[in-house]
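Asks: Each chain, letter by letter, is given below.
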Amino acid sequence: MGTRAQHRVLVLSVVKHDYLPRAVAAHPQFELVGVADHGDRPAWVHERNQAFADEFSIPYRTDVEEALSASAATVAVVSSEAERHCELGLRAVQAGLHVILDKPLALRLSDADRLVDAIEQRGVQSLVWNRNYLPSLVETKSVLDSGGLGCLRSIHCDFYFSKDAGPRKGTRGLDEPPINWLERQLEAHADGSDGGVGLEPMGELQIEGIYPLAYLHLLTGQRVARVFTKAAAHFHQANVDNQVEDLATVSLEMESGVLASLCIGRIGAAAHPDIGEIKLHLVGTEGALVVTEARPEVSVHYRDQNPLEFKNRRIADHNNFLLMDEFARALAGKGHPVFTVLDARNITATILAALESNRTGNAIIVENRGV
Amino acid sequence: MKIHLNVGTDLGKRCCLAGRAVEGLEWVERIEEADGVLTDQVPREDRPRPALFLGSIPELTRSAGSIPNLGPWFSVGLPRRYEPAIQGLYRSHRQGELGELGLLRAHRWLAGGINEARRQQERVALIDVVVWLFGGLPDTVYALRHQDDNGLQVHLSFPGAGMAMLDWAWSLPEGKNYDSIHLIGDRGAAYADDHRNMALLYSGDDPRALTVGNPTYGMATLLQAFVDSISAHKPMVSLAEVLQVQKVVDAVQKSLEAHEVCRLREVGGKDC
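From first to last, the protein sequence lines stand for chains A and B.
First residue of the first sequence? That's 1 in my numbering, and the numbers climb one at a time after it.
First residue of the second sequence? That's 1001 in my numbering, and the numbers climb one at a time after it.
A few of these clues could be false.
[Said to hold, decoys possible] Simulated restraints, written as ranges between beta carbons of each label pair:
# : chain 1 : residue 1 : chain 2 : residue 2 : range
1 : A       : N368      : B       : D1250     : 32 to 42 Å
2 : B       : H1233     : A       : K311      : 40 to 50 Å
3 : A       : G173      : B       : S1063     : 51 to 61 Å
These are computed hints drawn from the structure, not numbers from a lab.
No residue lacks a Cβ here, since even glycine has one placed at the ideal position from N, Cα and C.
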C-alpha cells in the first residue's frame, strides 16, 4: 500500500541525466507534476523534455515562470545543460522552491554564488546530485568515524571513467573540421556518455570532478585550500579540438592540513572491463584503507555478451534512494542534505582553481565561501 | 656465469635464495675466479670486472663526485624495476599495448619506524621506475608531506601530456607493505594493485587479507638480468642514469622546502 507523496516536484529541463528526476520520482514522498523549460530552447531540448513528460504522463510547459506558479510544486529538479543549471535553479529558488540539481553545479563561480545567495535568502533546501551514499563510501565513512585509521593524514581518489568520448586523439584528417562539442554530446546521449552536454566545452574535471571531490568533502569534512594540477587532452579528438582535458592529476591540501590527490580521466572503453577504476586510498596515523568504490558487485559473463557491457555489476546500491530520503528529512526540518549547493559551490571553486593551476603551472589558493 | 657475492648477511641470504632460480648462475668464493661481482659497497676504485651495486643509492649518489671513473661495467641494481608487478606493467608498456603513457599513479605504504636513509632509498626507487617507464625526466615537480612527516606526495609533470602522482606513507602498523601502480596510456591501461592479490583467511570476526606472491621473484629476475648482461656484454643501469633520477629526488626536496612547484632546468624549465 503506497503513501501519498508529500512533495510536488517540477522538472526544470531533463536533457541530460534523466536518472535524476527518475530517482526523485521513485521515492514515495515525491511526485513529479510537470516538466518545464524556456520556449526559445532548440528543438532537441524540447524533444527530450517532451519525451520524459509523456513517459510520466505529466504536462510539458515551455514557460518556466508559468510552470513555477501553475504547478504548485514545492521542489524543482534541474537536469539541463551544465551552463543553465544555476539560472534554472535560481528561478526556482526565487519562486520559493527547494532545489535538486544535476552536476556540475556551474561553470563560473559567479553563477554559483548567485544561487547560494538566493538559497540563503529564501531559506530553502538544496541538494546537488552525488554518489556519497554508495555502500563503499558509507563503509569508508564508518571506518573513519569509528577511529579505525586514527587521525586521517592523506586521502587519494582515482576516478577513471572508461567510456569513450568519440574518435581517438589524432584521428581527425587535416581537411576535416574540428569536432563540434555540442554535436558530439548529442551523439553521445544514446550511450549515456553525454555528461558534458551544453554549448560550452568542459573537461573531465568539470564534468565528473564533483563526484570524487564530494567524496573528499564527505570523508574529511573539510574544504580544499590549495591545489596544483597537470591536465591534458590525451585520449579523445573532441577534447583536443575543444581544448579541454580528458586526463588530470590534482594535488590538494585540505584546510585541516590533510593531503589529498585526485587522478581523473575519461580513459576509453578499452582501458577497463567496467565503468572504470574508481578507488579510494586513505592513510591515517593508526592504519590505512583501500576501497574500490564500485563494490559490492557481481561478475557476469556469458556467451555472445556485448563486449561493451560491464562484466561486473554493482549491487546493494541505494545511493539515489538514500539521497532523496535524506532530502525528505531535510524538508521536514531534520538535518541537511549530505551535499548542498554551497558545498558544490566550493567544489566548483576547487575545480576552477585546478584549471587555473594547469594554465599557469603554479599552485593556486581556492576561493572558498563559508556558511 | 660465476658471480662473487660481496654484500651484508641479510642481502646475501636473499641473493642466495633467489639465485637458485637463476639460469646459468654459479656462486664463487674467490673474486679472482668471478665473471662478475654483486656488492653493496660504494666503490672506491675502478673494477676490472662487471659489478652490480645493490647498496644504498642515496649513499652512492652522494659519493658520486669522489668516485673514480668506473668504466662501463659498473651497474646500479634497482630492485623495484624487477618486482613482478612492475615487470608485468613494463612488458605491457614495452609491447605497445598501452600506447603513449599519460599517467602513472602509485601508492607505496610501509610500516612506520623506517629511518631517513630508507625513506630516501624508497623515493629514489619509485622515481626511478617512473622515469624508466616514461623514458625521460619530468619538467615539473610538486611535493607535499604529511603533517607528521610520515608520508609524502609527489606530483610529476612530463613534457607533453605525461603526469605521475606518487604517494608514500611510512606509518602502517607493523606488518606487510602495500603497493599499487596504475599505468594509463592512450590505448589502454594496466593496473597492478596488492588489493587485487589477496587471499582471505577466515579465523573469526572479519577475515584477514593475506598477500599472495613470490618473495624471491624480484631478486631472481634482477640476478638473471645481471647474468644475462654479462653474457651479452651489455651493462645494465649506469651511475649516470641514476644521477639523472637523483635530480628529480633533489627537486622533490626543494619543492617541499619552498612549498612551491619546482621546475627542472635540464628539461626546459627554470630551476626552482
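Asks: Run every hint past the structure and note whether it holds.
Replies: Results of checking the hints against the structure:
1. A/N368 / B/D1250: 32 to 42 Å: holds, 34 Å
2. B/H1233 / A/K311: 40 to 50 Å: This hint holds: roughly 47 Å between Cβ atoms.
3. A/G173 / B/S1063: 51 to 61 Å: holds, 56 Å
Every hint from the earlier list agrees with this structure, and none is contradicted.
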